[in-house]
Amino acid sequence: MNRAMLDLWVGAFVALGFAALMFLAMQVADVSSEGTRGATITLYARFDDIGGLKVKAPVKSAGVVVGRVTAIRFDPNVYQAEVEMRVSAAYPFPKDTIAAILTSGLLGEQYIGLAAGADVEMLEDGDRIQMTQSALVLEKLIGQFLFNQAADGGGK
Amino acid sequence: MIRLLRALGRLTVDGVWQVGFATRFLFVMLRHSGPSFARFSLTIRELYFSGVLSLVIIVVSGAFVGMVLGLQGYDTLQRFGSESALGSIVALSLLRELGPVVAALLFASRAGSAVTAEIGLMKATEQLTAMDMMAVNPIARVVAPRFWGGVLSMPLLAAIFSTVGVIGGWFIGVVVIGVDNGTFWSQMANSVDFREDVMNGVVKSFVFGWAVSLIAVFQGYDCTPTAEGVSRAITKTVVYSSLTVLALDFILTSFMYIGK
Amino acid sequence: MTTHPDIAEPVVELRGVDAGYGERLILSGIDFSVRRGQLVAVMGGSGSGKTTLLRLVSGQLRARKGSVRVFGESLEKISEKELYALRRRMGMLFQFGALFTDLSVFDNVAFPLREHTDLPESMIHDLVLLKLNAVGLRGAATLMPSELSGGMARRVALARSVALDPELIMYDEPFAGLDPISLGVIGQAIRKLNDALGAASILVTHDVVESLSIVDYVYLVSEGKIVAQGTPDEIRASTDPFVHQFIHAEADGPVPFHYPAPPLAESLLESEVAR
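Chains as they are written, first to last, in the numbering used here: chain A, 1 to 156; chain B, 1001 to 1260; chain C, 2001 to 2275.
The following block holds chain A by itself, in its conformation from the complex (with noise of 0.2 Å):
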């Protein structure tokens, strides 16, 4: 085997190592769809409850992701949830925007959800979100339901 042969084949194979790594970071790890790239804005929200919730969770509008959970502290003053999130400053949200803690499917994974609300002013870069929807706890709802049943058999 002759030395330029030799190199070829090595150089090839570095590529082909490099062009693997490229590949698990953009497609698979789709490193720039997290927020990490282009002007973001952050934002704060707090919840009651946040339940399963978890930092780098997606933040979505009508479906569609525009930023991540970045951090996620609990406020002892208030007893409540304060998340942070990094959203894209291309998608500018109003003032009266509700942050609401939903889950994909029945199992899936949470994430928060922002329904734009008709306020002409926009959130700014380290704005709170006031109106917030914590998250649903399915022991919570399911002991709701008893209750209630309880209540209306009593009723009767």
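It is worth saying that the hints were derived from the structure and are not from the lab.
Among the clues, some could well be false.
Said to hold, decoys possible - A short, non-exhaustive set of chain B residues, derived as facing chain A with CB atoms under 7 Å:
| id | residue |
| --- | --- |
| 1 | ILE1044 |
| 2 | GLY1051 |
| 3 | VAL1052 |
| 4 | LEU1053 |
| 5 | ALA1091 |
| 6 | ALA1159 |
| 7 | VAL1166 |
| 8 | MET1188 |
| 9 | VAL1198 |
Said to hold, decoys possible - Partial pick of chain B residues on the chain A-facing surface, computed with a CB cut under 10 Å:
| id | residue |
| --- | --- |
| 10 | ILE1167 |
| 11 | PHE1171 |
| 12 | ASP1193 |
Yeah, the Cβ is synthetic: ideal placement off N, Cα and C, and Gly gets one too.
Could you slot chains B and C onto chain A? The hints should help.
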């Protein structure tokens, strides 16, 4: 009973001795690694032998592992009606575990054993001594380039394995079974984190590359210089590196994903 | 360059040397010297410590006791770098040649030149062909070692070991496993190279006839000691019973045929009792 204890003691002493000797060998080799980079053509040759020549087995196995993941994953997921998660299952299992580990096991039996055989035969036929007598250090000239060739090709091979595996899973899931193409990729992108999953996989395969290459060159260099000794050294390379890879994988996984 | 052996400086000098591996002592009380221009044979049975002697001289093994001096430098506390500097002035032919199996004949001979000199490729080409010509294998330059016969491989290895024009050449069993014609060819080549280079040579062998016909001086080694020495004529004429047994290849004599053991009858009886 006494004999059993004595056998256990001997095994421990020999084991510790071997590990110590291998560690010392690693340092000697690192000290003599200058020529592997100053004369990079030496390492390029080894990249060809351990990297390029392992490509076929890596690509074929990667494709099959990915396709099996696609089938099994689909079969299990559709019971819960969550076929849409197929992409995440395939990608996560490949990136986190199967890619680095299976690629390292294949690498150990394909390239590692070849390196051990080559160095062992050179030792058995006095080629290493002859080189030493020509005032050329065999560790710098023969051993270190093979080590670095292995260390450099391992992460690349693991990445290729994972990529081919993902494509194999996609082929079965989307083309053959008919899961929605967009769902497959977007679910995958949603659940796979670049740093957490892709980079950790690369770190794993890098560590495995060090372990397997060190074991391979050490067993070759340390073997009894006879035909029998060389064949025993090859067996040892495959067995020890497989066990080391699996043990290291457990340790690394517990640090990377669980210990937080 | 060739000077009279008696007045030339010693290239190799061993004084009262003990050496061995691990707990085993292989050589004891060795006094040995080789002068410039001399071709010295070290003969003895298998396992008598001949190869160990070469390993001492080449610095692969350190002496337990006594002094080893090569080119006037002591090898006792020599650093790796200094040892490598000395080894560039040495050449060694291994028992089975030890050619690099992944390199062609040409590249094998060129190996020491490429590693240790900055000569241009055209000059290396000429030097390699000259060396190969000296052993009669210029035509085999493009072959791979696996395509060579045992005798040819030995000759290529010889060309490689003298590629850098060494001042000290060591031969470890160069005649082992060769047919009579190849054996004669190698023997003549060894003698001619030594004279042409004005070097000192050590020839470790148990081939009596061939070596006695080419060497200047002989050391006979048995069980780690030098038991006889002298010129080939003195050795042939020796009345010493050991020398006689060795030179004439007799099965029994001072070197016993049997490995030390209790009498046969006793051993047979023992197994009988054990049953």
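### Task
Kindly indicate which numbered hints from before are broken by the structure, ordering the numbers from low to high.
Of the numbered hints, 4 and 11 do not hold.
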